[in-house]
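Trainee: Sequence:
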Amino acid sequence: MDAARERGRRHRPGAPRAGALDPDPADARARPPPPDAVAEHPHLAGAAALVLPADVDAAALAAGQLALLGRDPRGAVVAATGVQTAPLLDALYPDPDAPGVSWEDGVPTLRLWAPTARAVDILVWPAGPPAEHDSGAPAAPRSGEVSGDPLRVPASRHPDGTWSVVGSPGWADARYLYAVTVYAPAFDRVVKNRVTDPYALALTADSAAAVLVDPSDARWADPRWLAAPSPPLVHPVDQVSYELHVRDFSRDDVTVPADLRGTYAAFGVEGRGRAHLRRLAQAGLTSVQLLPVHDFASVPERRDAWVQPDPAALRAAPPDSAEQQRLAAHRPGSPFNWGYDPWHFLAPEGSYATSAALDGGRRIAELRGAVGALHELGLRVVLDVVFNHTRDAGQQPASVLDKIVPGYYHRRALDGRVATSTAGPSVATERRMAARLVTDAAVHWARHYRIDGFRFDLMGHHGRDVMLGVRAALDALTPSATESTAAASRCTARAGTSGRWPATPASCRPPRASSTAPASPPFPTGCATPSAAGRRSTPTRAGRAGRPGWPARPTAPRSTAAPTSRHNGCWPRPTSSRSGWPAPCATSRSARRALAG
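Under the UniProt record's numbering, the sequence shown has 306 at position 306, and the numbering climbs by one with no breaks.
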């Protein structure tokens, strides 16, 4: 068996190479697979492992086109196939530095994990004058369009496959993109991609560019969010959750100002919707589960691009009429979608922001304000997160991950095509850095938005180890009662005086409620259903064998999955007598009356 690859036996992965296959391929011999490989990939038990000569540079192989040729004893080619290199990348780069943007004394450091890239540059469009603010209120918006010549800064490559650039204080609020030169199997050639940061915390309108935002910046700490603590949940089994779509909540509410309808800001308006949520809370509702609010690709974010047919015209025309079909042709411009087509996992969706908050940290402030407004009502906030797939892959317009590390982040079928069993390009969370992205995203929402729980869409497509890792990472955010009290005192003293919010806003939560029953942690997660919060297990802190730095398995792991009805507004009644399942939505007559309006 020959391993044919681009010319060149050994070279730095970032160095340019010719695109043709090596006419003198390496000879690979079949051996039994190593035990550690079988442990990591059980489905390969019984398969043959092809061992390459010691002089072959595995990192160079993974950075370009790679094919296997099978020859008969006479040397004739009898079989040929491509290679899925994602497991190789996990083996070559087991513990990369943390991706994303970190801040120190107002200076950002940008890191991108792109081990197969030939070159990476940072393209920066500096912001205008610093945004002036009064009591944390953001200034007027800037245009989200990226135009003009950017500042181009070459990134430095590190042995762990990470590329980095240290910026300057003037980069705060700047827009940026990565320019990644990489071999793309979708085009069968080396391409130069301009792509957003998969770890972007803020974006311009329509995700045209990422924005360098420090989430601890006091400008984006909504006063309501600062003041309203997360409501305690003494008995997790009593959690009653109401599923809610941000736009639906206020779109037709005439008691909400027209420019705030359908936005995060509407949750803070004393209109009919907020009054109804208050009645639900008084009747026993504990949590609001928001349909996806992380950035998604299906809705234009600029209101002047929305196409909204007259509802009366829709009602008047029969469903099979020519008028209905004509209106249906405008669906791509519709401002409504459930949001299950994710684009960026760590940034808030812009179509729910007001027109003044489309760009940068202003979205963060408005979503935090919505969380604070719900906490004021005594309602915890659960996010519906869609980490199992992305909207696009390959070189498609909304592709991000596959433009940076082609072939790594998405699960692939035997024929090499991207799997779509999750209703989109499936994210391969069995890959180390894909699992890390999911874990980092959950921690980000809990830490920087005070989100109280998560509902994982199609959680069965994530590995059990992945979910246990998320669970352990979120558990690590939960301080003891003593630590929480001290942190709350420090934050009270600092907020509004230093001009900046502490780097970990979650530490400013109040201490747990005193009760004879176990108190709920600030971040109940797991599978993010009420049953998950009520069936916690205690993780050990040692690293898992073979995966340095990863969370250990819980000492008594139990399944956190509970089937739920996706869009009925509440948790269903259990279909079996299994303990720990969520209670039905309306647990009392008063709750049922409140749900009925």
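Keep in mind that the hints are not guaranteed to be accurate.
[As the list claims (entries may be wrong)] Between beta-carbon pairs, the in silico distance windows are: (1) Arg279 - Arg152: 53 to 59 Å; (2) Thr181 - Pro94: 42 to 48 Å; (3) Gly416 - Arg71: 18 to 24 Å; (4) Arg189 - Arg71: 58 to 64 Å.
Since the hints were derived computationally from the structure, they do not count as laboratory data. Since we're looking at a predicted model, the values are computed, not measured. Beta carbons are placed, not taken as given, at the ideal position from N, Cα and C, and that holds for glycine.
Trainee: Compare the structure with the hints numbered earlier in the document and write down the numbers of the violated ones, lowest to highest.
Mentor: 2, 4
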